[in-house]
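Enquirer: With the hints as extra help, turn the sequences into a complete structure.
Note that my numbering has the sequence shown beginning at 45, numbered continuously upward.
Wrong hints could be hidden among the right ones.
FRET-style restraints, in silico, Cβ to Cβ [to be verified]:
{"no.": "1", "residue 1": "Arg462", "residue 2": "His102", "range": "42 to 52 Å"}
{"no.": "2", "residue 1": "Ser361", "residue 2": "Leu215", "range": "53 to 63 Å"}
{"no.": "3", "residue 1": "Asp472", "residue 2": "Gly253", "range": "48 to 58 Å"}
{"no.": "4", "residue 1": "Val474", "residue 2": "Val151", "range": "23 to 33 Å"}
{"no.": "5", "residue 1": "Gln540", "residue 2": "Glu473", "range": "16 to 26 Å"}
{"no.": "6", "residue 1": "Asp558", "residue 2": "Glu473", "range": "42 to 52 Å"}
{"no.": "7", "residue 1": "Glu206", "residue 2": "His179", "range": "26 to 36 Å"}
{"no.": "8", "residue 1": "Ala565", "residue 2": "Trp255", "range": "20 to 30 Å"}
{"no.": "9", "residue 1": "Ala504", "residue 2": "Asp240", "range": "30 to 40 Å"}
{"no.": "10", "residue 1": "Asp527", "residue 2": "Gly253", "range": "25 to 35 Å"}
{"no.": "11", "residue 1": "Ser542", "residue 2": "Arg488", "range": "34 to 44 Å"}
Quick caveat, the hints were computed from the structure, so don't treat them as lab data. C-beta atoms are modelled at their ideal positions from N, C-alpha and C, and glycine is treated no differently.
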Amino acid sequence: MAPDPGREAYTVCCTLARAVPDAAHLEAIRDAVRRTHRCTLLATELLNLYVRDRLENHDGTGLERLFDANWLLKAFQLVSQGHGKAASVEPGLESVFDAHMRDTFDVPSRKGLTQTLMYECVNLAAVGSTNVWMHFRKRVLAYTRTSLALDDDAYGALSRDERRRRKLALLQVAEDVGRPPHESRRSPVEFHAWVDAQRDLLDLDTAVGAWDGKPLLYHLKARPHRFVRAMHTMSRGQHDAGRRASALFPLRRSHVPRHVRFDQQVLDKLLSLGLRSKRGKNSKREPQVGAPAAGRAPKRRRDDPSLLAEKAEAFASVLDLRAAGVHRRAHFAFAFTTDGVSLHLNMERPGNGRAKAARRDATPTRGVHSIDALRAVTRLEALHVIGLDPGKVELVHAVDADDPKSSPSVRYTLAQRRRDMRTRQYADEVLRSKPAAVGDAEERLSLLDSKSPTLAGFAAFASARRALMRERPEIEEFYAHLDFRDRRRKTRIKTQQSESRLVDRLRAMHPEGDPRTQVLAY
Numbered sequence: 045m046a047p048d049p050g051r052e053a054y055t056v057c058c059t060l061a062r063a064v065p066d067a068a069h070l071e072a073i074r075d076a077v078r079r080t081h082r083c084t085l086l087a088t089e090l091l092n093l094y095v096r097d098r099l100e101n102h103d104g105t106g107l108e109r110l111f112d113a114n115w116l117l118k119a120f121q122l123v124s125q126g127h128g129k130a131a132s133v134e135p136g137l138e139s140v141f142d143a144h145m146r147d148t149f150d151v152p153s154r155k156g157l158t159q160t161l162m163y164e165c166v167n168l169a170a171v172g173s174t175n176v177w178m179h180f181r182k183r184v185l186a187y188t189r190t191s192l193a194l195d196d197d198a199y200g201a202l203s204r205d206e207r208r209r210r211k212l213a214l215l216q217v218a219e220d221v222g223r224p225p226h227e228s229r230r231s232p233v234e235f236h237a238w239v240d241a242q243r244d245l246l247d248l249d250t251a252v253g254a255w256d257g258k259p260l261l262y263h264l265k266a267r268p269h270r271f272v273r274a275m276h277t278m279s280r281g282q283h284d285a286g287r288r289a290s291a292l293f294p295l296r297r298s299h300v301p302r303h304v305r306f307d308q309q310v311l312d313k314l315l316s317l318g319l320r321s322k323r324g325k326n327s328k329r330e331p332q333v334g335a336p337a338a339g340r341a342p343k344r345r346r347d348d349p350s351l352l353a354e355k356a357e358a359f360a361s362v363l364d365l366r367a368a369g370v371h372r373r374a375h376f377a378f379a380f381t382t383d384g385v386s387l388h389l390n391m392e393r394p395g396n397g398r399a400k401a402a403r404r405d406a407t408p409t410r411g412v413h414s415i416d417a418l419r420a421v422t423r424l425e426a427l428h429v430i431g432l433d434p435g436k437v438e439l440v441h442a443v444d445a446d447d448p449k450s451s452p453s454v455r456y457t458l459a460q461r462r463r464d465m466r467t468r469q470y471a472d473e474v475l476r477s478k479p480a481a482v483g484d485a486e487e488r489l490s491l492l493d494s495k496s497p498t499l500a501g502f503a504a505f506a507s508a509r510r511a512l513m514r515e516r517p518e519i520e521e522f523y524a525h526l527d528f529r530d531r532r533r534k535t536r537i538k539t540q541q542s543e544s545r546l547v548d549r550l551r552a553m554h555p556e557g558d559p560r561t562q563v564l565a566y
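Expert: As structure tokens, then:
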């Protein structure tokens with residue numbers, strides 16, 4: 045459910061074991077996380093097989109609902125086993141499932157997980173469509189650089205200025221490939237023939253349809269499924285050239301379960317709380333005011349007192365937020381996500397529209413702003429500028445712009461961050477506890493390509509992974525251990541602590557009593 049625009053959403057984290065006192069409820073929630081993860085692992089395999097099959101054998105048709113959560117749910121239903129009426133089947137998905145996946149894995153149960161899987165589909169659709177519009181132009185640039193690459197001798201013969209001009213030219217060429225046809229080209233003339241050939245090969249004008257004066261990014265967001273075919277063409281080009289191929293659709297690769305969303309409906313079905321049947325009996329005895337004479341009762345508003353009371357009753361029977369040490373429990377928005385160890389509670393605080401309006405014209409205190417935006421609200425003399433130089437070894441090197449030579453600087457290095465997060469310690473713990481069978485299986489899978497653009501290549505990877513999971517149950521048992529998720533929770537906490545210490549050091553660079561606003565300039 046979308047957050048209420050009149051309220052501000054935030055998240056509070058704690059441990060699941062402290063918040064769920066009932067051992068039966070705790071085990072049921074952890075079992076639901078494991079089953080949801082297993083269904084997601086198999087469903088994303090099926091969807092990746094389906095995408096490649098439609099592109100290679102059906103000319104790219106049948107992808108119209110690829111980013112529709114209701115349609116994606118059919119893939120989850122195919123790879124899992126229900127306990128109610130048979131789910132509707134998508135013929136195209138079922139034919140791919142029969143050809144590549146049927147009878148090759150132990151089918152997980154989806155009992156009580158219908159709504160949970162629907163939330164997974166919503167997330168999968170969002171990630172898949174974002175993958176298209178956010179990374180499409182970057183992949184065009186990578187494809188351009190690969191296609192127009194010089195050999196080592198030719199590139200070595202270029203001068204420094206020639207290399208700089210060539211780099212700029214390739215950026216312009218990649219931009220021209222996705223430029224609307226009515227706009228003039230910016231790349232050098234000698235590349236225009238190549239640009240025209242690639243536009244025809246990628247068939248961008250057909251994918252867009254009518255440009256209507258809008259940029260490519262608009263069409264990528266509006267109809268992302270139309271550009272999967274072009275992504276496949278570029279990925280095959282990269283693969284054939286020995287470069288790394290790109291993903292066509294999200295694939296769950298990790299064997300460690302991820303966070304799963306739970307709300308009132310999920311808990312009611314999963315834990316058999318009986319709230320749904322109780323609500324049905326009450327509605328028969330006391331018909332709602334304003335309900336039509338015949339037909340379905342109107343949907344209740346999210347702030348309906350009876351609905352809020354039902355949610356409070358459902359979550360009170362499962363969670364003990366006081367024992368978990370959660371403050372402002374009245375802000376709980378009656379939903380949470382968990383991976384079986386860490387618990388992320390959805391919270392909402394009342395918003396203040398007048399305070400937001402007052403802050404709109406004030407000097408920004410947080411966020412990323414351009415220097416022109418700061419000029420619009422304040423004089424630059426009222427700012428205390430701290431210059432930041434980001435890098436790979438020294439992640440942050442901060443210098444006071446008032447006196448850059450003699451004032452002490454703040455350094456935040458990669459080694460320090462790894463020490464704070466205990467990266468090496470956790471990696472050694474995993475390596476020492478990993479069974480030889482698991483390491484051998486990972487070594488065998490590393491020889492295959494999980495991003496192969498071809499149906500045969502990806503099918504080989506998926507088939508090998510399913511076979512290993514079936515032959516070696518210790519793989520799933522190893523990665524399903526709670527220690528992995530506990531390390532992930534501790535890593536997140538240590539990351540926040542490390543960054544908090546950095547913020548404190550940066551704040552200390554601002555003299556006490558200085559009326560200016562401190563800003564960080566990259």
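Enquirer: Go ahead and decide if the range 25 to 35 Å is satisfied by the Cβ distance of Asp527 to Gly253.
Expert: Because 51 Å falls outside the window, the suggested range is violated.
Enquirer: In this structure, is the beta-carbon distance linking Ala504 and Asp240 contained in 30 to 40 Å?
Expert: Given range 30 to 40 Å: holds, Cβ gap about 36 Å.
Enquirer: Go ahead and decide if the range 26 to 36 Å is satisfied by the Cβ distance of Glu206 to His179.
Expert: 29 Å, holds
Enquirer: Holds or violated: the 23 to 33 Å window for the beta-carbon distance between Val474 and Val151?
Expert: Distance hint for Val474, Val151 holds at roughly 29 Å.
Enquirer: If I claimed the Cβ atoms of Ser542 and Arg488 lie 34 to 44 Å apart, would that claim hold in this structure?
Expert: Holds, at about 36 Å.
Enquirer: Against the range 53 to 63 Å, how does the distance between the Cβ atoms of Ser361 and Leu215 compare: consistent or not?
Expert: About 58 Å separates the Cβ atoms of Ser361 and Leu215, which means 53 to 63 Å holds.
Enquirer: Does the hinted range 42 to 52 Å hold for Asp558 and Glu473 at CB?
Expert: For Glu473 against Asp558, whose Cβ atoms are near 46 Å apart, the range 42 to 52 Å holds.
Enquirer: Is 48 to 58 Å right for how far apart the beta carbons of Asp472 and Gly253 are?
Expert: 54 Å, holds
Enquirer: Note whether the CB distance of Gln540 and Glu473 lies within 16 to 26 Å or breaks it.
Expert: 21 Å Cβ-Cβ, so the 16 to 26 Å window holds.
Enquirer: Using the beta carbons of Arg462 and His102, state whether their distance is inside 42 to 52 Å or not.
Expert: 48 Å, holds
Enquirer: Can you tell me whether the CB distance of Ala565 to Trp255 sits inside 20 to 30 Å?
Expert: 38 Å, violated
Checked against the numbered hints listed earlier, the structure breaks hints 8 and 10; every other hint is satisfied.
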